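Participant: Chains as they are written, first to last, in the numbering used here: chain H, 1 to 349; chain R, 1 to 416.
Derived by calculation from the structure, the hints in this document are not laboratory data.
On a predicted model such as this, the values are computed, not experimentally measured, just so you know.
For every residue, glycine included, the Cβ atom is placed at its ideal position computed from N, Cα and C.
Since no wrong hints were added, every one of them can be taken at face value.
Okay, derived cross-link-like pairs now, SDA-like style, lysine to any residue, Cα gap no bigger than 25 angstroms in a straight line: (1) R:K160 / H:T287; (2) R:K160 / H:S292; (3) R:K160 / H:P291; (4) R:K122 / H:P291; (5) R:K122 / H:D289; (6) R:K160 / H:G288; (7) H:K31 / R:F170; (8) H:K213 / H:E253; (9) R:K160 / H:L285; (10) R:K122 / H:G288; (11) H:K213 / R:D277; (12) R:K160 / H:T304; (13) H:K31 / R:P167; (14) H:K213 / R:R281; (15) H:K31 / R:Y166; (16) H:K213 / R:Q282; (17) H:K213 / R:E280; (18) H:K31 / R:S171; (19) H:K31 / R:E169.
Chain H is nowhere near these chain R residues, computed Cβ spacing over 12 angstroms in every case: (20) D33; (21) R86; (22) R96; (23) D140; (24) A143; (25) R145; (26) A326; (27) E342.
Examples of chain R residues lying across from chain H (beta carbon under 7 angstroms, computed): (28) Y258; (29) G268; (30) L284; (31) S352.
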Amino acid sequence: MTTTAERTPGPDDDLIMKVTDVEKYFPIMSKGVIRHHVGDVKAVDGISFNLRRNETLGLVGESGCGKSTTGRALLHLQPATAGSIVFDGHELTTLSQRAMRPLRRDIQIVFQDPYASLDPRMPVNSIVGEAMRIHGLWNKESTERIRVLLGLVGLNPEHGNRFPHEFSGGQRQRIGIARALALEPKVLVLDEPVSALDVSIQAGVINLLEDLKNRLGLAYIFIAHDLSVVRHISDRVAVMYLGKIVEIADTSELFERPAHPYTQSLLSAIPLPDPRRERARERILLTGDVPSPANPPSGCRFRTRCPKFANQLDDSQREQCVNEIPALDDRGMGHDVACHYAEVVDILA
Amino acid sequence: MTELLDVRDGTDPGTSVAVLDVDDLNVRFPTSDGVVHAVRGVSYRLQPGEVLGIVGESGSGKSVTSMAVMGLLGKSARVTGSIKFRGRELLGMGDRDMSGVRGRGIAMVFQDPMTSLNPVYKIGHQLAEALQTHVPDMSDDDARRRSLELLDLVGIPDAKQRVDQYPHEFSGGMRQRVVIAIAMANQPDVIIADEPTTALDVTVQAQVLDVLRAAQRETHSAIVLITHDLGVVAGMADRVMVMYAGRPVELGSVEDIYYRPRMPYTVGLLGSLPRVDIGERQRLTPIQGSPPSLLNLPPGCPFTPRCPMSRPNCETEEPLFRSVGAEHGAACHYSEELRDLEHSAEIFDVTSTDAGLPSDDGPQAIDPLKDGPVGSTPEPPRDDDDGARIPTSELGTPAGDRPHLEAPANEGPGYQ
Ligand SMILES: Nc1ncnc2c1ncn2[C@@H]1O[C@H](COP(=O)(O)OP(=O)(O)OP(=O)(O)O)[C@@H](O)[C@H]1O
Ligand SMILES: Nc1ncnc2c1ncn2[C@@H]1O[C@H](COP(=O)(O)OP(=O)(O)OP(=O)(O)O)[C@@H](O)[C@H]1O
Ligand code: SF4
Ligand code: SF4
Ligand SMILES: [Mg+2]
Ligand SMILES: [Mg+2]
Chain H
1 MTTTAERTPG PDDDLIMKVT DVEKYFPIMS KGVIRHHVGD VKAVDGISFN LRRNETLGLV
61 GESGCGKSTT GRALLHLQPA TAGSIVFDGH ELTTLSQRAM RPLRRDIQIV FQDPYASLDP
121 RMPVNSIVGE AMRIHGLWNK ESTERIRVLL GLVGLNPEHG NRFPHEFSGG QRQRIGIARA
181 LALEPKVLVL DEPVSALDVS IQAGVINLLE DLKNRLGLAY IFIAHDLSVV RHISDRVAVM
241 YLGKIVEIAD TSELFERPAH PYTQSLLSAI PLPDPRRERA RERILLTGDV PSPANPPSGC
301 RFRTRCPKFA NQLDDSQREQ CVNEIPALDD RGMGHDVACH YAEVVDILA
Chain R
1 MTELLDVRDG TDPGTSVAVL DVDDLNVRFP TSDGVVHAVR GVSYRLQPGE VLGIVGESGS
61 GKSVTSMAVM GLLGKSARVT GSIKFRGREL LGMGDRDMSG VRGRGIAMVF QDPMTSLNPV
121 YKIGHQLAEA LQTHVPDMSD DDARRRSLEL LDLVGIPDAK QRVDQYPHEF SGGMRQRVVI
181 AIAMANQPDV IIADEPTTAL DVTVQAQVLD VLRAAQRETH SAIVLITHDL GVVAGMADRV
241 MVMYAGRPVE LGSVEDIYYR PRMPYTVGLL GSLPRVDIGE RQRLTPIQGS PPSLLNLPPG
301 CPFTPRCPMS RPNCETEEPL FRSVGAEHGA ACHYSEELRD LEHSAEIFDV TSTDAGLPSD
361 DGPQAIDPLK DGPVGSTPEP PRDDDDGARI PTSELGTPAG DRPHLEAPAN EGPGYQ
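Let's have the full structure, built from the sequences with the hints guiding it.
Facilitator: See the structure below:
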């Protein structure tokens, strides 16, 4: 067990969630009549972080790095295969689904696709109120409460008897958020909540999420691949690569003083909507593709694409990258980074 | 000053040397509900070797415009106007002539590379086929040699081995590079790329854009780059066309569009973007509501229901596309008022609501969070167990009485 999770500053009673060495492996079975376990997709491979009350933790990384799997493990929807998740004093990983049920109220999730995640046959009032019914919380004030919830997410409460197809994409996402808020959760896992929306509409949903957090004291796990959105909304950010967190820091620290070569390449790859700045930049271009999580490289998982490994290290240094998994540690830069040769480079200056 | 100058490229139409000259293009789709007027008068002129970025909301007609240019719309589409490629009219051209133009004259790159690749043929075969279709006497050896060169150019490692593999053995980013290699194969005058990097991760996108730039250096093709990513356009385009509800609403140099926008929709689009390169947290200015249906579009400016500057005449008169500066045009009755704008928040709200239905007239049907004093956002409750709950005082309170959630209006992003 590492002690990474404890290293994050802040008083402990402020913690709402503590994640330690969580793994989620998906077994790979052989084909044929008798199926053998021949390996694992190591979708999430030992991650640790804390979430404080009223904090937004951004989780970023490229497709397939394990963001959604992490989100589902936190909700105990797809239980972790190892590690510990303590939520508000309860260890979730060992709970049965039944014992988990009362805690479900406290951790809710909003999915990316505003089209697929709402039942098209149900009017909005029923969609938002469904969870209250399921949890046996329906009472005579619930109807009014749904109106308040719709108003809270910036929709017109009069539209509660309409069906999802009558709403725009951004509005459907707001309905999903109202549904998630119905049980007054403490933590909201937002899995790419604005990725499917046009930018002009995405902005309204981002503003809404900011307002709700301040107003209701929520904590968010905000999953996204768009680093601009993540910088905008997060208090702290964790960068994932191939099932591991490679760097975690307060938002301004991460964007101004990135120390992991992967974080640096990600930041340098984001196109800036500002022609003069965009054209004046130098890019760190990565080569190759992300390796398979079923068979990740030894040592540092980023080494097959790491520009530092390829261009700056000598053979003995490379040997360390190949043989030794870099721990997520503070290497003198004031925040945790998983690279043997971490070094701050200001990419966005 | 409001003369209808030809701002499509700032040149006199008579002397233009444009490779592609699109004039008053209209596309209508008859459907069982009525006619969808998807493209409503698009005009642009593409100069040799230039990159024209086309941006706009989903459904604004970007793809249909390009499909019309390529002659790829279905039989039901009714297309009018003119599309001239090197002076030759493409509209109404027969299938055989048109397939001659495709590939050698104008090549296309789609978002999904498998639109252009055939899963059952090796990559090398598909490249050679593209080459030999247009130069029938090219020998197989020459075709293979050239294919390898092209794969090298688009950064496929071990091209010698890779050329004999099938598309499914390639990653998404590599497939898109192969498609670019095929598009380049015949040194076309124009490459139309429709969201070529949208499905790719940002590090792979950076590689593919780099390849597209290299392809352009090599072929001197002009590029029409369609994307919803204003960052990509900022880095790649010489000129930008902003589309809304099937027509161009602003066209100008990349600097005009980003630093001197003269159409409220463009202003709103830029103000909606979170910026990764700006440290302090700024409130975004969304555009409320959603774009209109292109079925039976009402008269007037189609942006009226969402426009914070709209006035009564906007509802009745659709603004003409006019010159607002050298080689800069916009379609707005009041673009003059945006001349000294520094901040999207000067005209757009930093709101977080969206209360109208898409079918309603305006997005402002009701705005339950909008009354109350500015800046009275309550401190979030923190410590006790009820802290994370919706404060009970809010439950059952009439919607209008709840505190205002907006930040002060001066926190929106600027342009520079
Ligand atoms: N049920 C499953 N069975 C097997 N493998 C899975 C399963 N779910 C996810 N994976 C694999 O786990 C890895 C992580 O997937 P995950 O969906 O968490 O990624 P992500 O970071 O959310 O990506 P994206 O940005 O594309 O949503 C991927 O390689 C994926 O293929
Ligand atoms: N065959 C068709 N029949 C009827 N309507 C169509 C047809 N093809 C496109 N449309 C409509 O034309 C409009 C413009 O579509 P288009 O695909 O050009 O949008 P776009 O700007 O490319 O959007 P996106 O960013 O989502 O790709 C849309 O409203 C679309 O529904
Ligand atoms: S440990 Fe080595 S390979 Fe990994 S990121 Fe650091 S320098 Fe690169
Ligand atoms: S014409 Fe009127 S409604 Fe249209 S963009 Fe200009 S001000 Fe707004
Ligand atoms: Mg995901
Ligand atoms: Mg399109």
